[in-house]
Amino acid sequence: MDQAIIISFVLSVMTASTPLLLAATGELVTEKSGVLNLGVEGMMLVGAIVGFATTVHTGSALLGVLAALLAGAAMALIFAILTLTFLANQVATGLALTIFGTGLSALVGASYVGTAVEGLPKVLFGHDALVYLSLIAVFAVAWFLRRSHRGLVLRAVGDSHDAAHAIGYPVVLIRYLATLFGGAMCGLAGAYMSLAYATSWAENMTAGRGWIALALVVFATWRPIWLLVGAYLFGGIMYGSLAIQAAGAISLFGYPLVVPSQLVSALPYVATIAVLVAISRDRAKIRMNAPACLGRSFHAAG
Amino acid sequence: MTGQAETIKATGTAVPLLSLTGIVKQFPGTLANDHVDLTVLPGEIHALLGENGAGKSTLVKIIYGVLKPDAGEIRWQGQPIVVQNPNHARRLGIGMVFQHFSLFEALTVAENIALGLTDAADRKGLRARIVEIARSYGLHLDPDRAVHDLSVGERQRIEIVRCLLQKPKLLIMDEPTSVLTPQEVERLFETLRRLAKEGCAILYISHKLEEIRALCERATVMRFGKVVAHCDPRQETAKRLAEMMIGTELKAASHHARGEVNGGPRLEVRALSLKSEQQFGTDLKDISFAVKGGEILGIGGIAGNGQAELMAALSGEMPAAAPDAIVIDGVAAGRLGPRERRALGGCFVPEERNGHGAVRDMSLSENAFLSGHVRRALARNGLINSGKTARFADDVIRSFDVRTTGPSAEARSLSGGNLQKFLVGREVKQSPSVLVVCQPTWGVDAGAAAAIHQALIDLADNGTAVVVISQDLDEIFALADRIAVIAEGRLSQAMPIGEASIEQIGLLMGGTHGAPGESPAASVEGRDAASA
Chain U
4 MDQAIIISFV
14 LSVMTASTPL
24 LLAATGELVT
34 EKSGVLNLGV
44 EGMMLVGAIV
54 GFATTVHTGS
64 ALLGVLAALL
74 AGAAMALIFA
84 ILTLTFLANQ
94 VATGLALTIF
104 GTGLSALVGA
114 SYVGTAVEGL
124 PKVLFGHDAL
134 VYLSLIAVFA
144 VAWFLRRSHR
154 GLVLRAVGDS
164 HDAAHAIGYP
174 VVLIRYLATL
184 FGGAMCGLAG
194 AYMSLAYATS
204 WAENMTAGRG
214 WIALALVVFA
224 TWRPIWLLVG
234 AYLFGGIMYG
244 SLAIQAAGAI
254 SLFGYPLVVP
264 SQLVSALPYV
274 ATIAVLVAIS
284 RDRAKIRMNA
294 PACLGRSFHA
304 AG
Chain V
42 MTGQAETIKA
52 TGTAVPLLSL
62 TGIVKQFPGT
72 LANDHVDLTV
82 LPGEIHALLG
92 ENGAGKSTLV
102 KIIYGVLKPD
112 AGEIRWQGQP
122 IVVQNPNHAR
132 RLGIGMVFQH
142 FSLFEALTVA
152 ENIALGLTDA
162 ADRKGLRARI
172 VEIARSYGLH
182 LDPDRAVHDL
192 SVGERQRIEI
202 VRCLLQKPKL
212 LIMDEPTSVL
222 TPQEVERLFE
232 TLRRLAKEGC
242 AILYISHKLE
252 EIRALCERAT
262 VMRFGKVVAH
272 CDPRQETAKR
282 LAEMMIGTEL
292 KAASHHARGE
302 VNGGPRLEVR
312 ALSLKSEQQF
322 GTDLKDISFA
332 VKGGEILGIG
342 GIAGNGQAEL
352 MAALSGEMPA
362 AAPDAIVIDG
372 VAAGRLGPRE
382 RRALGGCFVP
392 EERNGHGAVR
402 DMSLSENAFL
412 SGHVRRALAR
422 NGLINSGKTA
432 RFADDVIRSF
442 DVRTTGPSAE
452 ARSLSGGNLQ
462 KFLVGREVKQ
472 SPSVLVVCQP
482 TWGVDAGAAA
492 AIHQALIDLA
502 DNGTAVVVIS
512 QDLDEIFALA
522 DRIAVIAEGR
532 LSQAMPIGEA
542 SIEQIGLLMG
552 GTHGAPGESP
562 AASVEGRDAA
572 SA
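Residue numbers (my numbering), protein chains in the order written: chain U, 4 to 305; chain V, 42 to 573.
Worth flagging that the hints you see were computed from the coordinates, not collected in a lab.
Heads up, a few of these hints could be off.
Said to hold, decoys possible - Here are some chain U residues the structure puts well away from chain V; computed CB gaps all over 12 Å:
id	residue
1	Ala119
2	Leu155
3	Asp165
4	Ala169
5	Gly171
As the list claims (entries may be wrong) - One side only, chain U facing chain V, incomplete, derived with CB under 7 Å:
id	residue
6	Asp162
7	Ile170
8	Gly243
9	Ser244
10	Ala246
Don't be surprised by glycine CBs; every beta carbon is placed ideally from N, CA and C.
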C-alpha cells in the first residue's frame, strides 16, 4: 500500500470512530458516578437532528454543534429528574429515553430528509475539530478520573453512595452533573453524525451506535483509554467492511467469495464486542473499575 | 488509670466539649431519640451504651451532621451550633469511625483517606503524612493497597488515620471492636488511650461491656431512645451494666451439658482441600474434623484465614473435589449443593447477614421460605404454601423475640441484631442434624447475643452437631466443647475447651502449628504477619 492509501484509511477510520468515542466517553463519566443511562441512542439522535436543523436555519455549523450539545444535555436532564429526583428505575427510564429520542428526532427531522448541509469545517489534516475534541476528551476524562480530586469524588459516589453521603458529599448533585455531561457528549456525537459523518439527516441514522457505545464502556471495563482502542477497532472494521461491500466480492484463492451484505454490515458490531469480551475477562480489573452502585437509586435517609 | 482519673477531676469544672440537650429525632414508626441529654468533656473516654435500636447510632449521626434533629440544642465548646453536614462537623473537629465502614472498595487506601479530608490544603503530601501518622500511632497501613483486599482490622485503621489527620477534638467510634481480634482490640485501645491523653475526647459506642469497663471513664446508658442512666463503668460489674442497658435482669446462657456426647459423628470432614474462588482468598489445605451429635465445635482464627472458604465448603456453595470429603449423617455430601445438603439435615448461617443470609428487599416470610422450604415442606406442587410459610416465619419471630412488625416486614427494616436472631432462628427451627454458623453474634447487642448463644446450646442438647466459626474467642470459650483454630487455610487439631489456654490459642492463630515450646518471639511475629 502506498502512503496515500494508508493516510486515507486512517482518516476514514477516525471519522467512523469519532461518534462512538464521544458518546462512550460521556456515558463512561455518567456510569462512573453510578448512573446507568441506557438512553445514549436517543440522546444521539436528538443531538443529530437539533444540530442539523440549527445548522440548516442559521448556516452556522458551530451553532449547530452547540445546539446539539444542549439538546443532548436536555435529554439527560429529563432522565436525571426522573431517576435521581423521583427515583424511577434507571434501566426502564433509559430505554424509554431511547424510544422517545428516536420518535422525537424522526418527527422533527421529517421535513429535513433530503436536505444537505456543508458540514463542519476542516481544521487539521482533513479533519474537523470534533475529531480532535473526541481525542482530547478521552484523555481529559482519563486524567480527571485518575488524577483530580473531583474525579476521585465522582468515582467514590459510584462506588458507594452511602459511604459518600456519610462522609458528606452531595451524591445527587454529583450524579446530576455526571449525567448532564454524558448527555452533552451524546449530543455532540449525534451532531458529528449529521454534520460531519453524513452531512445530511436520515431517520434513525445512528444505526445502533449508541448501543455499541454502551457496550464499549462495559467491555473497556470503565477505563477511558480502552474506549479509544474499542472505538477505533470498531471504526477500523466499519471502514474495512464498507470497502468490502464497495468491492462487491472478494476472491479467495481465485474463487469469488460472495458475502451477504447484511453480514458485512454486522461485522463491526460483532467483531468489536468479540474482541472486547476477549480482552476484558480479567475479574480483578472489573472489580477494581466497575462502579459498584451502577444503576442503583440513592435516597438519603433523614 | 489514676492519671486519667485526675484528668477528669481537673476538667470536671471546665466547659464541656460537647453538650446535647433535649435532642428529639422521630422516624416513621419510632421515636429514635426522646429528649436525649449528653455531655462530653475534653480528653475523656465516654461510653454510649445501649442495645441495638436504642438510638445510639441516630444520636451520633446527629452529632456528626448526617441527620438533623427535630428538636433540641447542641453546644460545641459552649457555643450553640447547628451541624450542617459531616464536612461542617469535621471542620469543627469532630471525627467519626463508622460501624459499617464508610470506605470505597475499589479505591486505594490513600484515595479513601483523601476523600475524607475537606480542605484541599489537607491533601498536600498526603501519602507521607499517612505513613507518618500510621507509624507514630502504630497503625500499620500501606497507602497504595486497594481496600477490597484488606482485612477488617486494616479497614478500620484507615478510618482512624483519616480522622487523626484532621487532629480532631472529638472522635466518635461506633462499635469499633465488633470485628477485631483480641490483639487488634488491645492495639486499638492503646491508640485511643494515647489520643485521650493528648486531649482528644472519645465517644465510644459499644455493647461489649468488658471493653467499656476496661476503656471508659464515664458512661451514658440509653434504652428505647431515652437516656436511662449515667455511671462510671469501672465501678460497675458487666452484669450491672447489661441490666441497665436491657432494663431487666440478664439471663446468662446456661452452660452446655458437657461430657454427655455419645454416638457417632454427624458431621465429618476428611482431608478437605479447596482452591479459593476469591481473588485474595485463602485456599483450604487438608482440613479434617468430626463433630458428634450434641457437641459444639468452635473454630477460631483471625479474619481472612480461610473461614469464608470453609463456610462455603461446608454449606455446599463451593463443592469439594471428592464426595466423601464431607459426610453428613453418614452420607457423602462433598459433591452435593446447598439444597441437597439441607435435605440431609445440614443448616447454615453465613457470616454476612445482608445479601448472603437474607435478601434485604424480601419479606421475612419470603426469607424464611428460601432456606426453610426443603426441610419444612413449605412448597407444594411447585407453589409456595404462603399460609404455612407465614406461620413458620411467625413462629421464628415469636420464639426468638425478633422485634419487627410481622412476617411481612422487609428484611432490610430490621436492625442487625434482630435480623441475626431471625436468621439463626430460621435454621434452628428446621431441627437440623448439623448446624454450621459463622460469626453468629457479629455486631449484635448483648441481649440478642445471649439469646443466640442459648439457642445454639439448646440445639446441641437436643442432639445436633453444631459448628461455630467465630473470631470472638470469648464466644467460643462460652459455647464450645472443643476448639480448633484455622490459620492460613489449615485447621489445627481440635482440643477440649477445658485444656485450651488463651495463650496457646493465640499461638495457633498466628499459624504456629507446632506444640508449645517454640519461641514466643517467633510466634508473635507470625501473628502480626497474619493479621497484617
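Structure-based check of all given hints:
No Cβ of chain V comes within 12 Å of the Cβ of Ala119 of chain U; the nearest lies about 48 Å off, and the non-interface call holds. Not every beta carbon of chain V lies more than 12 Å from that of Leu155 of chain U, the smallest distance being close to 6 Å; the non-interface claim is violated. At roughly 8 Å from the closest C-beta of chain V, the C-beta of Asp165 of chain U falls inside 12 Å, breaking its exclusion from the interface. For Ala169 of chain U, the non-interface assignment is contradicted: its Cβ lies about 4 Å from the closest Cβ of chain V, within the 12 Å cut-off.
Not every CB of chain V lies more than 12 Å from the CB of Gly171 of chain U, the least distance being 3 Å, so the non-interface label is violated. Proximity of Asp162 of chain U to chain V holds as hinted, the smallest CB-CB distance being about 4 Å (cut-off 7 Å). Because the closest C-beta pair between Ile170 of chain U and chain V is about 6 Å apart, less than 7 Å, the hint holds. Of the supplied interface hints, the one on Gly243 of chain U is violated, with its beta-carbon coming no nearer than about 36 Å to a beta-carbon of chain V, more than 7 Å.
Here the hint on Ser244 of chain U is broken, as its CB sits about 37 Å from the closest CB of chain V, past 7 Å. The restraint placing Ala246 of chain U at the interface with chain V is violated, with a minimum CB-CB distance near 42 Å, outside the 7 Å limit.
When each numbered hint is compared with the structure, violations occur for hints 2, 3, 4, 5, 8, 9 and 10.
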